[in-house]
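With chain A fixed as given, assemble chain B onto it according to the hints.
In case you want the letters, here they are:
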Amino acid sequence: AQRVTQPEKLLSVFKGAPVELKCNYSYSGSPELFWYVQYSRQRLQLLLRHISRESIKGFTADLNKGETSFHLKKPFAQEEDSAMYYCALKGAGEYGNKLVFGAGTILRVKS
Amino acid sequence: KAGVTQTPRYLIKTRGQQVTLSCSPISGHRSVSWYQQTPGQGLQFLFEYFSETQRNKGNFPGRFSGRQFSNSRSEMNVSTLELGDSALYLCASSLEGGGNTIYFGEGSWLTVV
Chain A
11 AQRVTQPEKL
21 LSVFKGAPVE
31 LKCNYSYSGS
41 PELFWYVQYS
51 RQRLQLLLRH
61 ISRESIKGFT
71 ADLNKGETSF
81 HLKKPFAQEE
91 DSAMYYCALK
101 GAGEYGNKLV
111 FGAGTILRVK
121 S
Chain B
446 KAGVTQTPRY
456 LIKTRGQQVT
466 LSCSPISGHR
476 SVSWYQQTPG
486 QGLQFLFEYF
496 SETQRNKGNF
506 PGRFSGRQFS
516 NSRSEMNVST
526 LELGDSALYL
536 CASSLEGGGN
546 TIYFGEGSWL
556 TVV
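Chains A and B are the protein sequences, given in the same order.
First residue of the first sequence: 11, per my numbering; consecutive thereafter.
First residue of the second sequence: 446, per my numbering; consecutive thereafter.
Excised from the complex, chain A in its bound form:
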């Protein structure tokens, strides 16, 4: 079964501190992993995906197949990073566009 686990409901850090939002997944094949972000009163939007191996807004995420993890990291948090973050999985090669989401983590960056 496909499952995405985000163990923290809320992560509160001070501005300038490092951030790590945890994501673990369960999938028998090769998944595509994504991080989506939802800022206050805005729509859900893609932050980054593992196949791109890019850094967006200072965030990076590396797929670790051994640990089945896709943690989201940023070295120095900014207040504008405060939002709800969702980790999501899509079965690579699966027919269609079905995403399985984790429960989400609220990131609160304090000044």
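No wet-lab data here; the hints were simulated from the structure.
We put the CB at the ideal spot given by N, CA and C, even for glycine.
Where hints are given, some of them may not hold.
Distance windows between CB atoms, simulated [what the hints assert, rightly or not]:
no. : chain 1 : residue 1 : chain 2 : residue 2 : range
1   : B       : G507      : A       : S40       : 28 to 34 Å
2   : B       : R460      : A       : Y49       : 31 to 37 Å
3   : B       : K502      : A       : E18       : 28 to 34 Å
4   : A       : T70       : B       : T525      : 43 to 49 Å
Far from chain A, by Cβ distances over 12 Å, these chain B residues were calculated [to be verified]:
no. : residue
5   : T452
6   : S472
7   : S476
8   : G487
9   : L488
10  : P506
11  : S531
Frame of chain A; chain B shown alone:
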């Protein structure tokens, strides 16, 4: 270009009624998916349509149904509404093929009283 558009944005219905929600995908996108978002269950996949055919379905009762039109616009219907159906219903669209970004609409807030 315009994003995914959902109507209505907010609605209140009574238990037992039925509701239809509409979604216009981004121009050129033929894949349309629906998700239910609640505080307790989070984001859950309802179904996906492509070229007017349902090709993926989540674990929801038959009261939840949908369809897609030839212009890729989609509707979802919930019949015999229950209090637990109160949620934000999100529509998402995408180009066909792996690696394409899935774009979400702002959602339709449904309250069942």
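Results of checking the hints against the structure:
no.: 1; hint: G507(B) - S40(A): 28 to 34 Å; verdict: holds, 33 Å
no.: 2; hint: R460(B) - Y49(A): 31 to 37 Å; verdict: holds, 33 Å
no.: 3; hint: K502(B) - E18(A): 28 to 34 Å; verdict: holds, 31 Å
no.: 4; hint: T70(A) - T525(B): 43 to 49 Å; verdict: holds, 46 Å
no.: 5; hint: T452; verdict: holds, 14 Å
no.: 6; hint: S472; verdict: holds, 17 Å
no.: 7; hint: S476; verdict: violated, 5 Å
no.: 8; hint: G487; verdict: violated, 5 Å
no.: 9; hint: L488; verdict: violated, 4 Å
no.: 10; hint: P506; verdict: holds, 18 Å
no.: 11; hint: S531; verdict: holds, 18 Å
Violated hints, listed in ascending order, are 7, 8 and 9; each of the other numbered hints is respected by the structure.
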